[in-house]
Structures are given as C-alpha cells and as structure tokens.
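K.L.:
Could you put the whole structure together from the sequences, leaning on the hints where they help?
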Amino acid sequence: MTNAGLAIALRDLAKSYGAVHAVRGVTFDVAQGEIFGFLGLNGAGKTTTIRMLLDLLRPSRGSAAVFGIDCHRDSLKARALVGYMPGELGLYTDMTGQELLDLLAHLSGTRADVGYRLTLVDALELARADLKRTLREYSTGMKRKLGLIQALQADPPLLILDEPTEGLDPLVQQALYEILFELRRRGRTIFMSSHVLSEVERLCDRIGMIRSGEMVLLSTVEKARRLGGRIVRVQFSTAVGVVALPPGMTLVSHAADRWQIRVEREIGALLPLLAALPVRDLEIAEPALEDVLRGFYREEQS
Amino acid sequence: MIGLLALAGHSLRRRRGLLIGLSLMLIAFQCFMVLTARNYEQTGGFKAMTALMPQFMSQLTNMMAATFTGFVLFGYSHPIVQLFLVAMAISIGTEPVAEIETRFVDLVMARPLRRATVVVRTLIVLLVATVMAVGTLLAATFVWLWLLAPPGARLPQPRVIVSLAVNLALLVMAWGGIALGLASFSKRRATAATVCGFLAFATFVLDYAGKFWKAVQPVSRISPFHYFDSFAMIGGRTLATIDVVVLTGMFAVSAVIAGAVYAWRDL
Numbered sequence: 273m274t275n276a277g278l279a280i281a282l283r284d285l286a287k288s289y290g291a292v293h294a295v296r297g298v299t300f301d302v303a304q305g306e307i308f309g310f311l312g313l314n315g316a317g318k319t320t321t322i323r324m325l326l327d328l329l330r331p332s333r334g335s336a337a338v339f340g341i342d343c344h345r346d347s348l349k350a351r352a353l354v355g356y357m358p359g360e361l362g363l364y365t366d367m368t369g370q371e372l373l374d375l376l377a378h379l380s381g382t383r384a385d386v387g388y389r390l391t392l393v394d395a396l397e398l399a400r401a402d403l404k405r406t407l408r409e410y411s412t413g414m415k416r417k418l419g420l421i422q423a424l425q426a427d428p429p430l431l432i433l434d435e436p437t438e439g440l441d442p443l444v445q446q447a448l449y450e451i452l453f454e455l456r457r458r459g460r461t462i463f464m465s466s467h468v469l470s471e472v473e474r475l476c477d478r479i480g481m482i483r484s485g486e487m488v489l490l491s492t493v494e495k496a497r498r499l500g501g502r503i504v505r506v507q508f509s510t511a512v513g514v515v516a517l518p519p520g521m522t523l524v525s526h527a528a529d530r531w532q533i534r535v536e537r538e539i540g541a542l543l544p545l546l547a548a549l550p551v552r553d554l555e556i557a558e559p560a561l562e563d564v565l566r567g568f569y570r571e572e573q574s
Numbered sequence: 005m006i007g008l009l010a011l012a013g014h015s016l017r018r019r020r021g022l023l024i025g026l027s028l029m030l031i032a033f034q035c036f037m038v039l040t041a042r043n044y045e046q047t048g049g050f051k052a053m054t055a056l057m058p059q060f061m062s063q064l065t066n067m068m069a070a071t072f073t074g075f076v077l078f079g080y081s082h083p084i085v086q087l088f089l090v091a092m093a094i095s096i097g098t099e100p101v102a103e104i105e106t107r108f109v110d111l112v113m114a115r116p117l118r119r120a121t122v123v124v125r126t127l128i129v130l131l132v133a134t135v136m137a138v139g140t141l142l143a144a145t146f147v148w149l150w151l152l153a154p155p156g157a158r159l160p161q162p163r164v165i166v167s168l169a170v171n172l173a174l175l176v177m178a179w180g181g182i183a184l185g186l187a188s189f190s191k192r193r194a195t196a197a198t199v200c201g202f203l204a205f206a207t208f209v210l211d212y213a214g215k216f217w218k219a220v221q222p223v224s225r226i227s228p229f230h231y232f233d234s235f236a237m238i239g240g241r242t243l244a245t246i247d248v249v250v251l252t253g254m255f256a257v258s259a260v261i262a263g264a265v266y267a268w269r270d271l
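So the protein lines, in turn, are chains A and B. With the numbering used here applied, the first sequence corresponds to residues 273 to 574, in that order. With the numbering used here applied, the second sequence corresponds to residues 5 to 271, in that order.
These are calculated hints, taken from the structure and not from any lab test. If you're wondering where the values come from, they're calculated on a predicted model, not measured in any experiment.
Part of the chain A face toward chain B, derived, beta carbon under 8 Å:
#1 Tyr356
#2 Leu363
#3 Leu376
Every residue gets a Cβ at the ideal spot worked out from N, C-alpha and C, and that includes glycine.
P.N.:
In structure tokens:
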C-alpha cells in the first residue's frame, strides 16, 4: 500500500525502555475517512504507539506518518493535522474551562471557531456556564468532555482519541458517537483506542489489536467477527451421546439434551449429522466481535 | 510566536499570586530594613554594633553592615531574600518537567509547537519574574529611603543599589537556568526541585565557608553565590565583569543543555 490516501502509516514502529519492549515493530495503515479502533489490554502498547504518532515519544526504530508526513522529521506539519485527546488528562485545575480551550486553540495556531465550540459543548451536554468554572470544580465526566472539545474544536482532518468514552455517561457516549459519525461523513479520520468492545463494534470500520506490543489482529469489523465462527445451539428431545463433529466444528459445551457447537466453515456438513438425531430446536447465532476479541484478550492474559 | 506568548502568558497568569506575594514580602522586608537602620542611626546603635562586632564579621562586611548604608543594602544579600528568590527560580525552572509529569505536555505538544518553545517560554517567565521581583526590591529600596531615611544619614549611592540589584537578578537567573538544565534530565518535578534546592543550600554554605576559611576558598568558586559579592559592592565596588560573565555563562550553558535535552528526550 502506498502512502497516498492514508491518514496514518506505521512502519515497523518500535519502542523499548532498556530490556522492556513496549511496542515491537508495529506496522499498519489507517485510510482517510475511516474510523479505526485500536484495541488492547492495559499496558499492551496502545498509548505508547499513540504518543509516538504525536512525537511525544521517540521510536526506537521504524517510522510513523500522518497524511504522508513523517511524525518525527516533520513533526510540526504532522501535528498541525491532528486533534488529540489523551487518555490521561493533565489539567491545571486553577484554569477555567474557557481559559483552557482558548489557550489550546491559540497553541493550535488557529482562531477558535466559537460557534463550533459551542455546538460541541451543547452536543456533549456540558453547560455553557460550566466553561466559566475552574477545573477543580469539574467532575471526571466534565473533564473528559472538555478533553473531547479541545481535541475537536479545531476540526482537524485526523482525530486521535485515547479511550474517548471513558468516564462518560451512556447518553453522552451516544452523543459522541453521533459526532464521530458526522465527522466521518465529512471525511475526517478517527483513530481511537478503546476497551469497550461493543463501542468498537458499533463505531469502527476497521480494528487493530495490539498484544504485548505486537499487532495480533488487523481487520475490518466484519471479517474479525467471522473469526469467531457461528454458534449453533441444538436442543434434543431425548438425551444423546457425544459424537464426532465434521472438521471446522467444535463442541463448545454439551449436556445430555443440549449442544453448543462453534462452526468456523459452512454449516452444511452439520446438517446430515443432526438429521440423524432427535433435534427439537435449533438456533444459529451470528458471531459477536466481543467474543472474538475476548478470545484474544484471554490468550494475552494466559 | 503566538504559541510562545500564549504559553508564557498562561504560565505568568498562573504565578501571579506567587509573584505578587513575593513582591509584597520584598517591599515589607525592605521597609523593615530601612526602618531598623533609621532607628539604629537615630539612637547611635551602629556605634555600639561596631564595638560588639566580631573581627571576622568586620572583615567580611568591610564594616559596612554597621552603617546605615550597609544595613539598608544588607537586604540584598540576606539569606531569606536569596532563599525566596532562588526558590522562585527553581520553581519556574522545573515547570517543564512538572508538565511532563502531569501530562499537561500531551495537550500542549500534540499541537504544532517546537519543543524549544517550552524551554524558551520558561526562560521568558524566569526573566519576567526575576525582573519583577528584583525590580520591586530595587524600587522599594529607593522609595523607603526617600520616605524614611533620617536627616543627615549617609545614603547608599544609586549606582551601588542598581549594581546589587543587577547582580542579584543575574544570580537568580543563573539558578533558574541551573534548575531548568537539571530538571531536563528528570521525570519528576519533586526530584528535580529537591536536587536543585539541596545544591543551592550546599553552594550557599560553601560560599560562606570560602569567605572565612582559606582552604575552602578555591572550591567555593564553583558556587554561583560566589559571584554575588554583596558586601564588596556595599563597600563601594560596582558590578564586576567576572561576576556578570560567570553568572550569565551558567545561565546560558544550562539553558542550552536544557534545550538540547528537551529536544531529544521522551516527553
């Protein structure tokens, strides 16, 4: 893949701290105009990768580029195209929300579009009066909303959001999803890390999973979901014994009158086998992305 | 440039309480010094003080501490004044590492700003704060002398007062630069500030030891305080070129080191 049309291009990106390898040669692309979900457990290397993209951390090897601009060599140009919401917001609590947003707009080198900012404030259900209050009076959720507004207010072509819905109530999460869909509709690219699998399934076009510093999955949501295989639940009218299943099928659980089978290929080979058994009911469940990702998480933990 | 000014303005706004408080303290302190000197001058206290003063103290101060002029200007070399000013400089010099520690730097440096901007911002804030604090001390000296000096007292020469203020400002700037340089290697402000504070105290003591103990004198030259010889200036010496060069050099070298380290390190 060439860099044309890519919002993000990571090539063999690695970061080590002495003997600790936080990120081990990560390579992937994010296309312009897509929402990309970057997944992984705590300490997997998500934030380290993101901070290298922003030139906050210097890679041990490899390169990162946004819109074809090298994030280290031409860091200023690269960062001018990015809006970033850190996972951990370091704020001076003696500032008001308004002061923080004004300062960060100045640092972005843009004149703040007050109208757009207030649209975001309203959409994320932060009262306008709250912007006049000092940040020490803000709840965690309010700080997170402010973090989102500062990232979005310059309307940059690329948004990097580190766990954007953390600390937000469900209604505000929904409002954020709508904002992100609207941004994608307008051609903005969104690169977000998340722990919330249902959120990733709902929002993202593609996902990447990092485990112990290595990419272990890079796929569209649809393809990733298929990795889990369909689950076939069979209820029998009388007790039946366990029989050998065709290749590509696994008996996940079984009781005397119930089986649960994971089918990773076509389901046709299962039907003759079931036809010979006293089947009372049959349910075929579409695979859930969460199940697939949980599988990857479990592998990491083990 | 807009980013630099915005950052410097933000930092100064956050420190305005501290700077105003420090300035008020220096105004009050200088008022106290002038009032006390006036009292001694009017009651003949300086004659008694001269008689009681130990020989080493007489040598150290060129006998100037026991005069109206010397007492008034002693404020510039008083440990409390130096302590507060150096503490202010260390606090400003360690601001970038505090921003790294709290991750405020993520919000700032995710924007199109050069890393050097953070260092230059700190130098600007240091300069403004030092000029404000030492300028206040200088202005307070002139105002309190004008208002409170007893008739007939021999007043300090303006060029001596200005020399002291400039030398003190250079000392404060040097400490700010040293703090900035040392902090650039650190991940935590508390660590950097503690090391700087300890270093300041140790070199302050070293400088005093060098004044009284010849064996320590050569070593005391490494102390920045060595290059602020307030008693020599109270005795009539003007600002020495070597002091200006060394303190400016300490500041410049530290600032360059800080710039290089911040450009290279992980934030």
